[in-house]
Structure formats: structure tokens, C-alpha cells
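Go ahead and model the full structure; you've got the sequences and the hints to work with.
Numbering (UniProt numbering), first residue to last: 1 to 680.
One or more of the hints may lead you astray.
[As the list claims (entries may be wrong)] What follows is a list of derived Cβ distance ranges for each label pair:
#1 I600 - G281: 51 to 57 Å
#2 E407 - V595: 42 to 48 Å
#3 N153 - L503: 24 to 30 Å
#4 I239 - E56: 23 to 29 Å
#5 E476 - K636: 31 to 37 Å
#6 D134 - G281: 35 to 41 Å
If you are wondering where the hints come from, they were derived from the structure by calculation, not from laboratory data. Computed from a predicted model, the values in this text were never measured in an experiment. Note that beta-carbon positions come from the ideal geometry of N, C-alpha and C, so glycine has one too.
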Amino acid sequence: MMLKSVGIYSLSNASSALKEKFEKFILALISDAAGYIEANEYSIHNASTLWSGAVENCQRNGSVLAVLDSQHKIDQLTSSFLSQGNNRKNKYWIGLRYNGSTEHYVWSSGVLADKVSVTNSICGKHQTPLNQKDWCYLVKESPSVCFEKRECNKSHRYGYICQPVTDRVSPTTSSSPAPTVQSVDLKVDQNPLSKFSSVMSSLNPKDPFSLKLATNAFKGFAESLKSEHDKREKKINLIYSTQIVEEFAFKYGSFNLNATKSEERTENEHIVLQVSLVPRGYHRSFTFTGAVDLDEVARITLPSYLFQTNDTIAVNTLYRDLHEFLDNLGSREDKIHSMILGSDVGPSKQKIFRENVTIVFRTLEEKFSEGHKEALSYMTYIGVGISLLGETVTFIAYLLVLCSSHEQQSHVHINLVATLAVAQSIFLAGINATQNQVLCITVAAMIHYFYLSSFCWMLIEGVMLYLLIIEVYNTELKLRLCYLFSLGCPGLIVGGTLIFASLNEPGINQYITKKWCWLSTENYYIWSFAGPVVVISFVNIVVFCIVVKEMVNMTSIQSNKFSRVKTTVKACIVLFPLLGVTWLFGLLSMINSSVASQYIFTLLNSLQGLMIFIFHCARNSEVKLVWSSKLKRMKKRACRFIRIRIHSQTNTCGENNSDKNKPSEVELARRKSKIAPVEG
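What follows is the structure, given as C-alpha cells:
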């Protein structure tokens, strides 16, 4: 072990007896500080952790979780416990696991364990049915060592025992044939690549769990590279590590894949590894996709003619962060920004490819600092809150207008702000409800529905504006059809998307992202929202251009160029929020996800409701006249009430009976020309 080697190297010139005493003293001192006890072949760690955590911790040190596959090893561990004076109540994880689906035991080294031998080593009270569950095992001294089982998916935490990888062949009592475990002693001067190679060579490719163990081993290798990242003098052939992974994956595929199970994929934060068995005569291109947080970052497509002569094993690997170490540990001056994508097929095709192999990487994105993320979050919540307030006031104001006159435009305005307000309210309340999967899908579907409904009302706003400007006669839309379109079409789109997601692997959960309750970009579900938005925005832009042209033509011929530009700018400011044109900045931010585009999109769309209130409620002539008329009537009623109370004969409120037969200001406003200039 490493600590022992340090003692030997540092005292190479001392006398043998003095060296031995000093070495024991140093080892005892360091062992106490490190929190574990050196015990012959085993290192006993007292720090509590899960079984999976124990496996990873041992792998980081170039070891495996203890393999007690013979009575000799069990007796040896018992002697170690006695010599160290361990508490008999202590329990430690070992590298034994029972798989409920395959109904067999396997050691952490990848070797299958003999069921009879394991059963004879289990403590008496734990001789209970396995019930097709996954069990992880630990050892307990009672007074001799025996095994206890715990459910692997429970939060059981114990110490653990690691065993160094040696050049000795570990005897196996498995009834199944297994290849010899080839490995080497780990020396103090070994680099992370040597340790990784040793662990990988100890895995048995016949074991159905070994592919997962291989990716865990690579995870330990990648994390150990971080500690070497600043040691530029240490040269590590990182590409060789990819060859080790891919060679093992080929062996695994040849033993474990068949017509029933033709593909296996495993991944962690450092690597995505997929092994596929492609049958002979496969007539479609074969595609491997690598993703980070469900966002596709790389894709490779192999032509179909590669699979025409033989069954083919395809190994595809995405190394998510290996490129980050190439610039520092190698001799290159250029920095590699893209992830490393590996693809290989076997049997090897010793010929030139007749067709192209397509490799796609996501373009580099500008990374957001935590400060930018926090600022965008505050802008979103504050802006949406202000927008909700504006939408609420607009809704109430137009309700009053609707009571005075049942105009189509008032109906459309009310429904537009109502659907926007509901969508934004659900967004604020549930966008982060990712803990409950059912609730999160429900929130995403409701946001999806109400935003699509609001865009349908925006489209109707555009159509009505077009009819108002272009049509000579008073052409009106049927409100019943407007409601059917704006409430029915979003339901069909959302329902169809949910059904499609539920019918495809891995199920309806792929409808949403892992980060928040919104549509996933994986499998392009986001386009069930973005597609309708693009179409509606395009139609409304055409309407907007026609409106601006008509408004400019309506200005006086004597008007100068500045007046025409002023009219155009005012039209943009007034009509953009109503027609939803500001959402195009969201599509631009998807294409170019820069910090500036994200700020523009967040600012404009979080304040859409406020802009609708300002330009189409607070500055709307009809709304102001209706409210003015309402206030006058309230004032007159109050005056009449006061006159009755004081028995006054004086017309203190200045009523004029001759005004009763005159048309109201609202009616006069409606008799004016259909197109009013934009108010300054």
C-alpha cells in the first residue's frame, strides 16, 4: 500500500531494525489521521457511507471493495479484527451484491460468487428469502465473521473494507466459468492512468454489471485527474484511457448482448457509454446521441452498408470532460473546446468508407456566470409579477367596457390578458416543482396550454386588425369560432404531445426537463410550442407591416420624414406586445444563446402584460371614456343622494336636462373613423 511504501523509501539508508520501528510508528500515526486501519491485505475504513459510495471510494484508491470469496480470506479478516481490537458491534460493507432480476451473486471484482458458499457465510438471522430484490452485503464479527444483507436502494450507511488489486489470481468458487483476473500491484509512483488500467483489467466482461462498474472506474479516473491537473510535469496518455474503455466494451458486448437485449447504455457526469448489437442486414443508418442534462451536445451517424455482412457490435462513447485536461497535461498549446466522441465497430471494417459518416457537435455557447443567472431570475420574477398586475387591471377595465358594449375587440383583449395571466401565474407557482414528477408534468402541460391559447388570441388580434385596415366593409369574426380555435387547438397540440411522449421510451417523463417543469429539448418536444409560436408570429409580422404601411400613408403628404419615422416607431411599440412579436427574441436566444439575447428576451416577455396595459388600456380612448362616463354617473348619483338628504332644490351638480338627449362621449368616439392615429 502507498503509506507503507512511503515509509520504506524515506528510510532507505537507516538500519533495518530502526527502520521497522519507525515505519510502524509513522503508519500508526498516519492511519489514525486518515481514519482507517491497515490490516494485512485489507484497509478497514470507519467512515460511514452507502454501498455504492464504498465501491467508488475503493476504486479511487486503486482498490476494490473486499472480495471474501474463500474461507481462508474470511478467517484472515477475522484474525485482523481480533488483532486490531475492533468493536464487535461494528459492521463494514464488502464487495458482494445480489441481483434480484438475474438471481445471482457477484463480487465487486466482476467475478460471480458461488451461491452455496455465500449462503453458508450468512449470519443465522439473515437467512431469509431474497424476494427478487437487490441486496448489498456487509460483514459483522460475531465472534467469527459472517455476512448480513441490506437493501441496496435504502439509505444504509456503514464503514467499508477495501482490498488492494494484486498480481495474484483470486481463487473463485463460482460454478460459472470466468476469466482470470489480471492486475498488478499499485505502487506509490503510479499515475491515475495506471491505476485505472489496473481496475479495468480486474473486471469480468461476462458479468452483466461490469459495464456499470467500468463507467464508475472511469469516473474515479476522471476525478483523480483533477488533482493532477496543475502538475504539468506529469504526462499522461489520456487517449489510451479511451482505448481501455472501448476494448472492454467490445468484450462486454460479445458476452452480454443478443437479439433480446441488443443495446445497453450507462452514463455518469464524466462519460456516456453505449454498446449496441446491430443485426446483419440492418438497412437504416445507425445514430448515437450524447446529451448533457437532456440537451444534445454530440451525434454521430454510421451508414447502413457497414452492417450488411455480419452482426456488428458498435461501441459509442462521449467523454464529457476529458478534453478539459488535454490542454494542461499534454504538450499542446491549443486548447480543445469540444467534448471527445468515440465510435468503433467490430468486426473491424478494413476498407475505405463509401459513404459519409456524419458527426455533429453543438456549437460553443457563452457560459453564464452565477451572477447573470441570478440577475435573470430576479428579472423574470419581478417582471412577471408586474406583468400580472397590469393584466389584472386590464382585465377589470375591459370587463367594464364589455358591460357597456359587446364589441368583439373587447372580448379578444379580455381573453388574451386572461390566458397570459393564468400561464404566468402557473409559471411563478410551479416552474420549480421538479420533486413531484406528476405535478411537474401537470404544471408544464398547463403552462404549455395557456401560452398556446394566448398566442391563438394574439393571432385573432392580428386578423381583426387586418380586417379593420384592409376591408372596406365592417367584416367581423364569429366569436364562437374564435373561442373554438383559441381553446381547442392548444388542447389538441398539448394532448397530442403528451400521448406521443407516453407511447415512446422512456415514457411521459421525457416531456419535461430535469431542471424545471417545462418542455424538454430532447426529442424536440419544445417545438410543439415553438412551432405554433413561429407560425403565429410570422402571420402577425405580415399584418404589422401592412398596418404600418397604411398608417404611414395616412399621414399628411406635407409631413416630413421624421414624422413618418415617428409614426412607425410608435406603431412598433404599441403593436409588438399585442401581436406577440416580442417572443421572436426567444427563438433568437435559442439559436444564439448569448448573455445579451437572454437579457433582451427576459425583459421584453416578462413585461408583456404591463405593455399591453399601458398601450391598450391606460392610453386607450374608449377605455378612458367609459371610465370617465362611469365616474360621472357615480358622481351624479352621489349628488342626487346628497340633495335628497338635505332637501335641497339647487342643482349643485350642474345637471342639464338638455344633455340627456345628446349622444354620449363613448358613442361619439365610436362614430369616428375606424382608424385613429397612435396617440403621442
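Do the hints match the structure? See the list:
1. Checked against the hint of 51 to 57 Å, the C-beta distance between I600 and G281 comes to roughly 52 Å, which is consistent with it.
2. A hinted range of 42 to 48 Å holds for the C-beta pair E407 and V595, which are about 44 Å apart.
3. N153 and L503 have their C-beta atoms about 28 Å apart, which keeps the hinted 24 to 30 Å range intact.
4. For the pair I239 and E56, the supplied restraint of 23 to 29 Å holds, since their beta-carbon distance comes to about 24 Å.
5. For the hinted restraint 31 to 37 Å between E476 and K636, the CB-CB distance of approximately 34 Å keeps it satisfied.
6. With their beta carbons about 37 Å apart, D134 and G281 fall inside the hinted range of 35 to 41 Å.
Every hint, counting from the list given before, is met by this structure.
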